[in-house]
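Respectively, the protein sequence lines represent chains A and B.
Residue numbering for the first sequence follows this note's numbering, beginning at 419 and increasing consecutively.
Residue numbering for the second sequence follows this note's numbering, beginning at 419 and increasing consecutively.
Worth double-checking, as some hints may not be accurate.
Pairs involving identical chains hold if they fit within one copy or between any two copies, as the list cannot separate such chains.
[Claimed, not checked] As a list, the in silico DSSO-like pairs of lysine-lysine whose alpha-carbon atoms are at most 27 Å apart: (1) LYS613 - LYS557; (2) LYS478 - LYS463; (3) LYS463 - LYS524.
FYI, nobody ran anything at the bench for these hints, they're computed from the structure.
Number of protein chains: 2
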Amino acid sequence: MDPARKVDGRVERGERTRRQILDAAVHIASVEGLEGLSIGRLALKLDMSKSGLFAAFGSKQDLQLATVDHAADIFVEQVVRPAMLAPRGLPRLWALCESKLDYSQKEVFRGGCFFAAASAEFDGRPGPVRERIAGHMTKWLAVLVGAVQRAQGEGHLRPDVDAGQLAFELDSYAMGANWAFQLFGDARAFDRARKASKARIEEAAIRQGRRSSSRSPRRKPAATRG
Amino acid sequence: MDPARKVDGRVERGERTRRQILDAAVHIASVEGLEGLSIGRLALKLDMSKSGLFAAFGSKQDLQLATVDHAADIFVEQVVRPAMLAPRGLPRLWALCESKLDYSQKEVFRGGCFFAAASAEFDGRPGPVRERIAGHMTKWLAVLVGAVQRAQGEGHLRPDVDAGQLAFELDSYAMGANWAFQLFGDARAFDRARKASKARIEEAAIRQGRRSSSRSPRRKPAATRG
Chain A
419 MDPARKVDGR VERGERTRRQ ILDAAVHIAS VEGLEGLSIG RLALKLDMSK
469 SGLFAAFGSK QDLQLATVDH AADIFVEQVV RPAMLAPRGL PRLWALCESK
519 LDYSQKEVFR GGCFFAAASA EFDGRPGPVR ERIAGHMTKW LAVLVGAVQR
569 AQGEGHLRPD VDAGQLAFEL DSYAMGANWA FQLFGDARAF DRARKASKAR
619 IEEAAIRQGR RSSSRSPRRK PAATRG
Chain B
419 MDPARKVDGR VERGERTRRQ ILDAAVHIAS VEGLEGLSIG RLALKLDMSK
469 SGLFAAFGSK QDLQLATVDH AADIFVEQVV RPAMLAPRGL PRLWALCESK
519 LDYSQKEVFR GGCFFAAASA EFDGRPGPVR ERIAGHMTKW LAVLVGAVQR
569 AQGEGHLRPD VDAGQLAFEL DSYAMGANWA FQLFGDARAF DRARKASKAR
619 IEEAAIRQGR RSSSRSPRRK PAATRG
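Same shape as in the complex, but just chain A (with noise of 0.2 Å):
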């Protein structure tokens, strides 16, 4: 065998393990926390000798800060990225709340939202996973607030609106609504969600009628762009 074909064959191997294991951890993280994820408790659910796991993440620090960064790409794939396929503007704006509340409900980690899970574990432990959880929720809300602004520039929300405000009250609602799920399996809490965001986002808007009064938009509306 080509010695470099076997040495791609050994990193490659090496990765599906690490996805495998990572896998795992953020439905563990998501349900008992951050702090339940032991090397030797994973070795156990996975059948993996505690060696192989060591190799792997050198610490259970660095196990918990793949956890994160995993279940932040999973995040992205599941929030983000269906979101982006819908129009600019306010299209866009209520599929990134819609996916929000469907990964939530749909339980894509076992335990219910895992940034809401884990930020309420760590935020009074300063330190690297702290750190690391609330860089992933700055960027996500990052892109709450520049959907809202996306919006405006596309003339589809009011110039006037505060976007930090209601970007806030948006996810405020997906919040409540994972915890009331979570606690009470309360799934009312999602349409309750749903039916504020829906009436938040119309309060913004420009309606149809009073478009032309307002700054024209910079490019044609959504609608017509498909």
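Based on these hints, arrange chain B on the given structure of chain A.
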């Protein structure tokens, strides 16, 4: 010494010790979680003997349950009771929103809202602790929904407002603010939550000029009662 008084004194001392333990426990749990509460840990922190702690709380689970109940007492004392001093109807609903936000912002519990942290930690762990947390939160939501309905009964809020929906939105803002403050230290989130709560309540309110066209209030408006 009168033997009865001696027993009374012992009971009183026992109560004082229990209270002292629980006062420490709620703060630790709000930062590090209820799972982080161990009898050994608390004994060290309070400079007490482990056996004394065992005498007060038989098991870790008993300690967790007592901690949740103690946190609920503090929550009622800090959030619910002061709001009940406000005049019935809309002023009391607004006072409930404000006092929940104040409680979270002032960090009555060192790690922010005790129940936000405890819910996130235990929602994936079925058992008596989870049920106890859910029980207290059910009561809190009933207080909030009740305040909306009372404000409708007083003729302050429109009768067609969905009380569960409005309560969901108001409580979501408090959760969103607590989250942002604990994770990012972002105190503006409380201003955002106040602004949003005020806007929702105003939207649901019967405007002065329109009050006569609605169902007549059963009691005199709150403002005239003081």
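Outcome of the hint check:
1. LYS613 - LYS557: both (25 Å within a copy, 24 Å between copies)
2. LYS478 - LYS463: The answer is both: 16 Å in one copy and 26 Å across copies each meet 27 Å.
3. LYS463 - LYS524: within (24 Å within a copy, 42 Å between copies)
When each numbered hint is compared with the structure, no violation occurs for any of them.
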